[in-house]
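First to last, the protein sequences are chains A and B. Mapping of the first sequence onto my numbering: position 464 corresponds to residue 545, and the numbering continues sequentially without gaps. Mapping of the second sequence onto my numbering: position 87 corresponds to residue 90, and the numbering continues sequentially without gaps.
Hints in this document: simulated from the structure, not taken from any laboratory. Worth double-checking, as some hints may not be accurate.
Computed list of lysine-lysine pairs in DSS-like fashion (alpha-carbon distance at most 25 Å, straight line) [as the list claims (entries may be wrong)]:
| id | chain 1 | residue 1 | chain 2 | residue 2 |
| --- | --- | --- | --- | --- |
| 1 | B | 103 | A | 309 |
| 2 | A | 497 | A | 451 |
| 3 | A | 362 | B | 29 |
| 4 | B | 124 | A | 340 |
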Amino acid sequence: MGGYTGKVLEIDLSTGKIGTKSIKEEDRKRFIGGSGLAAKIFFDSFDPEVDPLSSENPLILMTGPVVGTQFPGTSRFAVCGKSPLTGIWGEGTCGGNFGPELKFAGMDGILFRGISPTPVYLAIEDDKVDLRDASDLWGMDNYVLTDLLKERHGKEKRPKILSIGQAGENLVKFAAICNDKGDFIGRTGMGALMGSKRLKAIVVRGTKKVETSHPEEHATLRKLLIKKSRDAMPGQSLRSMGTDAIMDLGMMTGDVPIKNWMIGEDLELSANLGGPALTEKYLTGNRACSFCPIGCKRIVKVDDGPFKTEEGAGPEYQTCCTFGTLIKNYALAGVIKANEWCNRYGMDTISCGATIAFAMEAFEKGLITKKDTDGIDLTWGNMEGAMELLHKIAKKEGIGAVLSEGTREAARRLGKGAEEFGVEVKGLEVPMHDPRGFHGAGLAYMTSIRGACHLMHLAFSVEQGITTYAEAGFQENYIGQTSEGKAEMVKLCEDLGLPCNSLVICEFAAWTYSANELAEIVRVTTGFDFALKDLLSCGERTWLLKRGLGNMMGVRAKDDRLPKRILTPLNEGAAAGSVPNVEKLLREYYEIRGLDGDGRPKKEVLIKAGLDELAKKLHG
Amino acid sequence: MALTFPSVEWMEEYRKQINASEGYKKAGATWTAGPVALVISAKPEMGINEDFGMWLDLHQGVCREAKKVSLEEAQKAPFCIISDYARWKQVIKKELEPVKGMMQGKLKLKGDLPTIVRYVKASQELVECTTRIETKFLDE
Numbered sequence: 082m083g084g085y086t087g088k089v090l091e092i093d094l095s096t097g098k099i100g101t102k103s104i105k106e107e108d109r110k111r112f113i114g115g116s117g118l119a120a121k122i123f124f125d126s127f128d129p130e131v132d133p134l135s136s137e138n139p140l141i142l143m144t145g146p147v148v149g150t151q152f153p154g155t156s157r158f159a160v161c162g163k164s165p166l167t168g169i170w171g172e173g174t175c176g177g178n179f180g181p182e183l184k185f186a187g188m189d190g191i192l193f194r195g196i197s198p199t200p201v202y203l204a205i206e207d208d209k210v211d212l213r214d215a216s217d218l219w220g221m222d223n224y225v226l227t228d229l230l231k232e233r234h235g236k237e238k239r240p241k242i243l244s245i246g247q248a249g250e251n252l253v254k255f256a257a258i259c260n261d262k263g264d265f266i267g268r269t270g271m272g273a274l275m276g277s278k279r280l281k282a283i284v285v286r287g288t289k290k291v292e293t294s295h296p297e298e299h300a301t302l303r304k305l306l307i308k309k310s311r312d313a314m315p316g317q318s319l320r321s322m323g324t325d326a327i328m329d330l331g332m333m334t335g336d337v338p339i340k341n342w343m344i345g346e347d348l349e350l351s352a353n354l355g356g357p358a359l360t361e362k363y364l365t366g367n368r369a370c371s372f373c374p375i376g377c378k379r380i381v382k383v384d385d386g387p388f389k390t391e392e393g394a395g396p397e398y399q400t401c402c403t404f405g406t407l408i409k410n411y412a413l414a415g416v417i418k419a420n421e422w423c424n425r426y427g428m429d430t431i432s433c434g435a436t437i438a439f440a441m442e443a444f445e446k447g448l449i450t451k452k453d454t455d456g457i458d459l460t461w462g463n464m465e466g467a468m469e470l471l472h473k474i475a476k477k478e479g480i481g482a483v484l485s486e487g488t489r490e491a492a493r494r495l496g497k498g499a500e501e502f503g504v505e506v507k508g509l510e511v512p513m514h515d516p517r518g519f520h521g522a523g524l525a526y527m528t529s530i531r532g533a534c535h536l537m538h539l540a541f542s543v544e545q546g547i548t549t550y551a552e553a554g555f556q557e558n559y560i561g562q563t564s565e566g567k568a569e570m571v572k573l574c575e576d577l578g579l580p581c582n583s584l585v586i587c588e589f590a591a592w593t594y595s596a597n598e599l600a601e602i603v604r605v606t607t608g609f610d611f612a613l614k615d616l617l618s619c620g621e622r623t624w625l626l627k628r629g630l631g632n633m634m635g636v637r638a639k640d641d642r643l644p645k646r647i648l649t650p651l652n653e654g655a656a657a658g659s660v661p662n663v664e665k666l667l668r669e670y671y672e673i674r675g676l677d678g679d680g681r682p683k684k685e686v687l688i689k690a691g692l693d694e695l696a697k698k699l700h701g
Numbered sequence: 004m005a006l007t008f009p010s011v012e013w014m015e016e017y018r019k020q021i022n023a024s025e026g027y028k029k030a031g032a033t034w035t036a037g038p039v040a041l042v043i044s045a046k047p048e049m050g051i052n053e054d055f056g057m058w059l060d061l062h063q064g065v066c067r068e069a070k071k072v073s074l075e076e077a078q079k080a081p082f083c084i085i086s087d088y089a090r091w092k093q094v095i096k097k098e099l100e101p102v103k104g105m106m107q108g109k110l111k112l113k114g115d116l117p118t119i120v121r122y123v124k125a126s127q128e129l130v131e132c133t134t135r136i137e138t139k140f141l142d143e
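Start from the sequences and build out the full structure, keeping to the hints where you can.
Given below as structure tokens:
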């Protein structure tokens with residue numbers, strides 16, 4: 082079977098025992114790889130009620146069959162487990178270079194169990210795998226650590242590093258995992274899970290090749306897709322301005338949240354923080370993940386001033402919002418500096434920035450004062466104050482310890498109505514696309530498996546018209562500010578998006594492919610007899626399995642909701658007066674998806690999808 | 004009186020509408036990046052026998068000149084957007100947002116992307132101006 086190495090490392094950190102685990106061919110066909118296959122592994126072998134920071138919660142790293150096969154956008158991998166931030170199924174994906182290197186070392190993934198008694202890191206050089214002492218590395222930030230490990234393992238061999246910074250060690254609930262100082266598994270606190278296991282880093286070097294089932298067809302398709310992803314306008318736009326290219330347009334369409342989601346338009350903010358500004362003022366180069374002709378990653382440097390940085394990974398659109406528009410900071414240099422610190426500590430820039438925005442509103446409302454913040458002024462737009470708070474969060478000092486739990490828990494602890502302006506779904510801070518401008522995004526946030534998510538489905542790109550995937554059954558042109566037809570759109574987006582997430586393929590590259598080409602990628606790589614309908618069935622099955630896992634972790638219908646702030650109409654901007662019709666969206670979606678009144682997939686739906694065991698666990 | 008799209012008369016009226024637009028004057032006030040050419044690809048069966056290029060000399064919130072040009076000349080403009088009649092009709096009828104159209108490859112853009120993105124508000128105002136022209140479409 083092409084695409085897979087057939088080997089998943091299984092490491093018990095409590096005992097230091099290293100072994101391998103095989104994945105059934107049937108499971109590969111049904112869940113492909115990435116977070117889909119990781120969910121199946123969790124479902125088969127772990128207790129959904131486990132405490133996320135206990136030794137019984139696994140940390141699962143999974144690549145997919147296309148990773149390392151040199152299709153554009155196939156450098157990604159997933160990291161999964163029960164989330165310390167949300168308490169439900171958690172997952173994140175990451176580009177960079179670690180995923181392909183793991184495949185070149187002969188592994189499809191790594192399953193970590195247990196907790197190491199002392200800090201360790203895992204070193205992999207092809208078939209040679211060993212756990213090493215990391216006592217001397219504990220306390221280092223991701224940048225220092227990465228440089229040191231590369232030096233230690235031979236720079237000339239170009240080892241790839243996955244690591245956590247101090248935030249992961251300190252169990253900051255939205256801690257991230259870093260790949261080579263530039264790419265991150267940001268969402269759902271997988272860095273805290275890694276930190277709880279006292280696993281500081283993974284160093285990998287591989288020299289093997291990933292075989293495919295139909296090499297000639299694979300080569301032909303690869304050539305076509307390289308051209309498409311390079312030449313299509315989304316590819317060009319991402320290459321020239323990075324993901325922040327969308328901010329100026331987003332400001333025109335009501336997509337950009339401002340001042341903790343209270344304001345609908347501020348053109349000065351987008352002019353100062355958008356892609357053109359980043360490109361003109363601070364860009365020193367761009368960078369691509371392995372095998373990617375797009376190269377959306379920014380390399381930036383702030384030469385002087387209070388936010389001076391070294392040359393390094395620049396902020397994405399999400400970060401330009403959370404540390405820019407969301408806290409009313411007009412200084413792009415401040416965003417770049419905050420991004421650098423989040424990278425070094427290893428923190429999700431979405432959750433961290435959003436939690437700081439929440440704190441600023443709490444400060445404005447008098448729920449927290451300078452006495453609580455150790456003198457830090459959290460007035461809107463005060464970037465120095467935001468930066469000081471960022472450090473406190475990473476170190477869990479003072480008010481930072483409360484905020485390090487994430488917005489939901491911080492709001493609960495603050496009380497006095499703070500929940501009214503905590504903007505999260507199922508405990509995950511809402512990413513920077515406003516459902517008031519795009520109602521489908523609102524439904525996608527409500528029904529996403531891991532909480533408010535803008536990535537695991539393709540709703541953002543489809544609803545905003547970046548892609549059409551007409552052959553999958555989408556309309557050519559969706560209107561953002563209507564809830565009509567969005568339930569059907571979101572379900573289809575999920576059914577198409579989840580297999581992409583399992584492959585694991587970059588959404589930006591996938592934007593430039595047709596839906597049939599996505600299915601063809603699977604066929605020529607794995608040899609599975611796969612067409613578009615099979616891809617969509619796989620997506621549906623994967624969604625149902627993950628949702629079932631969520632149900633077993635406590636998710637119910639009441640959790641499928643949008644925060645009050647997002648259901649409050651804006652007074653200005655393109656989305657003024659518009660709010661998603663939550664009742665209609667959920668009613669129609671539940672019907673189409675086959676969920677019961679409790680938010681669980683119906684028994685017959687699960688059985689039809691071949692998930693009999695899950696049906697039994699959920700319905701008896 | 005309704006003006007046929009595309010035609011020299013329609014283009015001249017477009018220039019007038021741009022210069023009468025307070026919205027464009029404000030959004031395009033700092034535009035110094037040069038002319039923009041819009042090209043409607045030839046479609047003989049609809050009476051568009053050759054590519055119809057509209058050269059709009061935009062500068063600091065005004066349109067200094069509008070002239071009909073060939074495809075070859077249009078492509079010499081710093082910014083050139085090319086599409087077929089049906090797509091332009093969608094744009095004028097506000098059924099297709101131009102930046103979205105470019106992303107989907109329905110409108111082909113040649114020119115500096117960051118500049119276009121920075122002036123997305125101005126591009127919206129330019130579309131808004133087309134809707135103020137009483138337009139007779141060739142297929143209606």
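Hints breached by this structure: none
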